[in-house]
Amino acid sequence: MKALLLRDIRLAVRAGGGFGLGLAFFLIVVVLVPFGVGPDSELLAVIAPGILWLGALLSCLLSLDRIFALDWEDGSLDLLATAPLPMEGLVSLKAMAHWLTTGVPLVLASPLFALLLSLPVEGYLPLVISLALGTPALSVIGTFGAALTVGLKRGGLLLSLLVLPLYVPTLIFGAEVARRGAEGLDTGVPLAMLAGITFGAMALLPFASAAVLRVNLR
Amino acid sequence: MASLWEYANPKKFIQTTDRLLPWFSVLAALTLVIGLIWGFFFTPDDFRQGSTVKIIYLHVPSALMAINAWLMMLVASLIWIVRRHHVSALAARAAAPIGAVMTVIALATGAIWGEPMWGTWWAWDPRLTSFLILFLFYLGYIALWAAIENDDTAADLTSVLCLVGSVFALLSRYAVNFWNQGLHQGASLSLDKEKNVADVFYHPLLFCIAGFVLLFIALVFLRTQTEIRARRMRALLARERLG
Amino acid sequence: MELNVTGLSVARGGIPVLEGLDFTLRAGEALILRGPNGVGKTTVLRTVAGLQPPLAGTIGQERDAMAYAGHADGIKTTLTVRENLEFWAAIFGTGGIDAALDAFDLTGLADRAAGGLSAGQKRRLGLARMVVTGRPVWVLDEPTVSLDTGAVALFAAAVRAHLAGGGMALMATHIDLGLTEARVLDVAPFRAKAPAHDDFDGSFL
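Chains as they are written, first to last, in our numbering: chain A, 145 to 362; chain B, 401 to 643; chain C, 5 to 209.
Honestly, I wouldn't trust all of these hints.
Said to hold, decoys possible - Not close to chain B: a few residues of chain A, all C-beta gaps over 10 Å, as computed:
{"#": "1", "residue": "R158"}
{"#": "2", "residue": "A227"}
{"#": "3", "residue": "A355"}
Claimed, not checked - Below, simulated DSS-like cross-link-like pairs (lysine-lysine); rule was C-alpha separation at most 27 Å, straight line:
{"#": "4", "chain 1": "A", "residue 1": "K146", "chain 2": "C", "residue 2": "K126"}
{"#": "5", "chain 1": "C", "residue 1": "K197", "chain 2": "B", "residue 2": "K411"}
{"#": "6", "chain 1": "C", "residue 1": "K197", "chain 2": "B", "residue 2": "K412"}
{"#": "7", "chain 1": "C", "residue 1": "K126", "chain 2": "A", "residue 2": "K297"}
For the record, the hints were derived by calculation from the structure and aren't laboratory data.
Please read all numbers here as calculations on a predicted model, not as lab measurements.
Virtual Cβ for every residue (Gly too), placed ideally from N, Cα, C.
Isolated chain A, as found in the complex (with noise of 0.2 Å):
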């Protein structure tokens, strides 16, 4: 098991693998926001929650047909089926893998991208934590569209136009804790949601990721 993590990680940190590729696009967006919109500090302070948020759900979305389609491609996936691994925690791995190569670098660099836009004092935490309990749900949500576009050539147009409604919920609580921590207000509801999506699909998304992924593999 720990032997696949590391082996992800690996991967992706070493050359061609794409690591920092997802931090690279998120400075990006948050660059090209305020030329967008205007330079003006309160409206971007206003926003900032939301286009950090969005930012970070777009970064996740870019890395997520590399998640299966690599190993696909040169065949492993195969391997790894046939070896003693279930399915369900093979691809339990991808995601963690996935979230620790995308989602923990954006949750790490999302002050710094914060004082970019302006955003308030007190919505630097929030805005972390929202990160942190928000992005495992992406790339787990991240891992059913990819195992569910496996095998197919030129899928990742398809994979974005099947994760993204998925995305909702999260994206919602999750925008709404910074926004709401930024202006100061209780975040406990909209957190506790967060925490809800967050560990509901952790467990159960697993099983529909492998059942589909089977499929896919026959």
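Chains B and C: place on chain A using the hints.
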């Protein structure tokens, strides 16, 4: 007593629906014509909304069918997963574009109704937003069917997507309610509360709803037949290659 | 320990390709599947390995007994040869990889990045993985593609060692491996026949 599952045989399904289809089509046309004419021309104008209220006869039934079509797809997907009847998977596939069109009709009539009432074509109201999200789910479902060549693989994958999508659609509904309280009026029809549509409007509305349900059934029959025949053709072509 | 396949029918892309396949492999035996391209050898091997369900018939052995090697070797080009093998050893819960490196003459290449290997060397690495799995039934699909004569001999020796240890090997190959003890099964006579024309039932075919 013959088992219901006999109709899961494609041949039997086509034979039976061939007999039923004219009846459903005629009934759907009749109820729709009665309901719409009654509703449009023989009901008084609302004291607040004027004649714009009459779009309810398209808006409410299409919105109902937009959701019911997805529910039907969910049931059909479950039947495919559990019992692996091909007709069931093909019926789910056949219903998806109909549901998507119903969603578009509900959104369009809602916009046309909303403009004079709220002074805007579109607002990020929870109901409107939920329907837009539902439309996205339909698009994803249809796109996945279209993207996969192998019919059984496509049926399996779309069934799981329909299941997972249903859970997330429900979640989105609650999330959207939480996110914005909205300006849409309450449900026009509900089982547990007193109905909030007056009787004069209510009776033709029932006709229109019945008409949309019959229309949906007729369309699903027709489209499922088409899907079955298309699948049969692919199977015959494949057999030709077998020699 | 034996692999007992009875009445196996397999489908590719929803179309039956082979039907009524029976064979038995006992410990220490090897079976080579022969047949023209596209007849369904790969499909049979994938079915036996548990990657896809059979249309009909049984494979009288646990999935956990099978080690599968397909057309692709599952090699990560940015990892070294050693890292590639150590990963599979960890996944399959077996110990050292030195024997596998040795058997396929990869010891000298162990610390090279797998991306820099030639096609034949990659293939040897892919086959070395079979040794690492520690599983009794090897299911091999065209194992000798891009191997030179020397490497084929290495492979044959590895298979022989595996059989001597009580293992089994089921493979599809066209070239002569020099495995004289291996039985050969021609699958062409098992080609699926088209069903009767009016048989229009739930399966569409």
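Each hint tested on the structure:
no. : hint            : verdict
1   : R158            : 32 Å, holds
2   : A227            : 23 Å, holds
3   : A355            : 6 Å, violated
4   : K146/A x K126/C : 25 Å, holds
5   : K197/C x K411/B : 22 Å, holds
6   : K197/C x K412/B : 25 Å, holds
7   : K126/C x K297/A : 25 Å, holds
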